[in-house]
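**Q** Chain by chain, the residues run as shown.
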Amino acid sequence: MFGYIIANSESLSEEDKQRYKAVYCGLCSALKARHGQFGRMTLNYDMTFLILVLNSLYEPEMSKGEERCIVHPCSKHCYVSNDITEYASDMNVALAYLNQLDNWHDDKNILSFIYARILRKKYEKISKKYPRQCQAMGRCIAKLSELEKSGLQNPDVGSRIFGELMGEIFAFREDRWTDSLWAMASCLGEFIYILDAVIDLPRDMKKHRYNPLTSLKKAGRSDGYFKDILTMLIGNCTMDFEKLPLVEDVSIMRNILYSGVWTKYELEQAKRARRKGEKR
Amino acid sequence: MSADPYKVLGVSSNASDDEIKKAYRTLAKKYHPDINPGNKEAERKMNEINAAYDQIKNPQQNATGFGGFGGFGSNTRYGSGFGGGFHADSEEESTSLRAAMNYIRARHFAEALNALEGVPVSERNARWHYLCSLANYGQGNRIVALEHAQTAVRLEPNNMEYRSLLEELSQGGSFYQSYSQGFPTAGFGGSPCLWLCAASLLCNFCRCV
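Protein chains in written order, with my numbering: chain G, 590 to 869; chain E, 2 to 210.
You may find that some hints are simply not true.
Result set (DSS-like, lysine-lysine): computed pairs, CA atoms no more than 30 Å apart in a straight line [as the list claims (entries may be wrong)]:
{"#": "1", "chain 1": "G", "residue 1": "Lys732", "chain 2": "G", "residue 2": "Lys714"}
{"#": "2", "chain 1": "G", "residue 1": "Lys795", "chain 2": "G", "residue 2": "Lys697"}
{"#": "3", "chain 1": "E", "residue 1": "Lys23", "chain 2": "G", "residue 2": "Lys606"}
{"#": "4", "chain 1": "G", "residue 1": "Lys606", "chain 2": "E", "residue 2": "Lys46"}
{"#": "5", "chain 1": "E", "residue 1": "Lys46", "chain 2": "E", "residue 2": "Lys31"}
{"#": "6", "chain 1": "G", "residue 1": "Lys718", "chain 2": "E", "residue 2": "Lys30"}
{"#": "7", "chain 1": "E", "residue 1": "Lys30", "chain 2": "E", "residue 2": "Lys46"}
{"#": "8", "chain 1": "E", "residue 1": "Lys46", "chain 2": "G", "residue 2": "Lys816"}
{"#": "9", "chain 1": "G", "residue 1": "Lys796", "chain 2": "G", "residue 2": "Lys732"}
{"#": "10", "chain 1": "G", "residue 1": "Lys697", "chain 2": "G", "residue 2": "Lys853"}
{"#": "11", "chain 1": "E", "residue 1": "Lys8", "chain 2": "E", "residue 2": "Lys30"}
{"#": "12", "chain 1": "G", "residue 1": "Lys853", "chain 2": "G", "residue 2": "Lys816"}
Here are some, though not all, of the chain E residues that point toward chain G, as calculated from beta-carbon distances under 7 Å [stated by the list, open to error]:
{"#": "13", "residue": "Lys23"}
{"#": "14", "residue": "Tyr32"}
{"#": "15", "residue": "Leu147"}
{"#": "16", "residue": "Thr186"}
Where chain E lies over chain G, by a calculated footprint (3+ residues, C-beta under 8 Å) [to be verified]:
{"#": "17", "segment": "714-722"}
{"#": "18", "segment": "826-836"}
These are calculated hints, taken from the structure and not from any lab test. All residues carry an ideal CB built from backbone N, CA and C; glycine is no exception.
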């Protein structure tokens, strides 16, 4: 359920591209600095969005830097970072740890077990610093895996759990924006949960794996119906997003919410359409 | 809420969304308590600016009327109007439906759903779906709520109450669609992992859930 919150680079301006990249690289180097190479392996785009939102809302000082890294060894590149970047990197590692642990419990995936072991110490430190967020993450991931085991066919249940998880992560501070941030992020989480389910639906049905939309699909619901649900959910998210007084980087964030979040969905739809064409 | 919120923020009443946000930010920076410690006047001004921003951005919160559906779930999007048009109970309405409606009014959504569960399948009419939609929405079950609202409208296409509920529920989606027209469809003409691709190769084995 990760890696969906990305920008549509095609339609980003050159300036925004550079900026997006610098924020992403800032997260990457914060992960490296705080949690080592193994911490860096948890890197994904989702937390870049978190940084953009919190940064734009709270406008802390950003420190800029230039570095070479193993990912881009040939050229030096810019990065920006601050305490929000550090927060995002901590959340990223905590989430990765809990996720790997859950994979190990559910599927006995040995790689997950090893990786979780590597991240455990880092997680323990983070959970002392951010008990509310870490407890919420743990609680939500446990609830999701329980839900999977129960096989319950009610898409609202899972989406709300994932929404709660996202809400807790985005609620960075307790202030007058906490509720709006929470509302925006939880709607985004609900959207992502269903998006993930829609994308995985054919594969899950084939392999008889849990998917919250199986019953609806079997009852004859069309792709258009699922798209309507997705649009409603992301629409709720953007309504809350637009209530926040975000000015800096707003064009990148809008690119993500109005276009980028659909990237994997559109690719999947295109793939399905191609396959259908080949069959004919 | 006496002063004109636009005046407080120093923008015209037909200012764009982004102009309002910019104006708010500029003023908030100027009067922020961190910058003006102990300054009572700045504090008063900051409160005024915050109140003006909220008034423009969350008009429902300030709206009076049927106190019911504002603040559904975690947000107040459906504040005004929503459910305000509850009809007086008709004579023949079953006691379960009436009970459900009362529960919804009192915001006891779980109890409302319980009462609705008790209605035999053969008696589940448009009104039943309408109430199901309201109760589910109150509980935060948006997907089921949308489904029931659609069914209610399908069964009684001319009922304005049901139609306006469906419209309210789809409001976020319509807003989104009109806004996102300015953006090209994602996922074409390039790989989704942009130019930062190498990094995601690194974490392939931690791709999860």
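**Q** Each hint should be assessed against the structure and marked as holding or not.
**A** Hint check results:
Straight-line distance between C-alpha atoms of lysine 732 of chain G and lysine 714 of chain G comes to about 23 Å, which keeps the hinted pair within the 30 Å bound. Straight-line distance between C-alpha atoms of lysine 795 of chain G and lysine 697 of chain G comes to about 22 Å, which keeps the hinted pair within the 30 Å bound. Between the alpha carbons of lysine 23 of chain E and lysine 606 of chain G the distance comes to roughly 22 Å, so the proposed pair stays at or under 30 Å and holds. The suggested pairing of lysine 606 of chain G with lysine 46 of chain E is violated, with an alpha-carbon distance near 38 Å, which exceeds 30 Å.
Between lysine 46 of chain E and lysine 31 of chain E, the direct Cα distance comes to roughly 10 Å. Compliance with the 30 Å bound is thereby established for this hinted pair. For a cut-off of 30 Å, the pair hint linking lysine 718 of chain G to lysine 30 of chain E stands: about 29 Å separates their Cα positions. For the hint linking lysine 30 of chain E to lysine 46 of chain E, the alpha-carbon distance of about 12 Å falls within 30 Å, and the restraint holds. The hinted pair formed by lysine 46 of chain E and lysine 816 of chain G fails the criterion: a straight-line CA distance of about 45 Å is larger than 30 Å.
Of the pairs offered as hints, the one joining lysine 796 of chain G and lysine 732 of chain G holds, with about 23 Å between alpha carbons and a cut-off of 30 Å not exceeded. Taken as a hint, the lysine 697 of chain G and lysine 853 of chain G pair is honoured in the structure, with Cα atoms around 28 Å apart against an allowance of 30 Å. Between lysine 8 of chain E and lysine 30 of chain E, the direct Cα distance comes to roughly 18 Å. Compliance with the 30 Å bound is thereby established for this hinted pair. For the given pair, lysine 853 of chain G sits about 13 Å from lysine 816 of chain G by alpha-carbon distance, which is consistent with the 30 Å threshold.
The criterion of a C-beta within 7 Å of any C-beta in chain G is met by lysine 23 of chain E, whose closest approach is roughly 5 Å, and the hint holds. Proximity of tyrosine 32 of chain E to chain G is violated relative to the hint, the smallest CB-CB distance being about 14 Å (cut-off 7 Å). Contact between leucine 147 of chain E and chain G, as hinted, is supported at the beta carbon level, the nearest pair being about 6 Å apart and thus within 7 Å. The beta carbon of threonine 186 of chain E comes within 6 Å of a beta carbon in chain G, closer than 7 Å, and the hint placing it at the interface holds.
Under the rule that three or more residues need a Cβ within less than 8 Å of chain E, the assignment of the segment 714-722 of chain G is violated, with 0 such residues. Look at the segment 826-836 of chain G against chain E: 9 of its residues bring a Cβ nearer than 8 Å to a Cβ of that chain, three or more, so the hint holds.
Of the numbered hints stated above, those contradicted by the structure are hints 4, 8, 14, 17, listed in ascending order.
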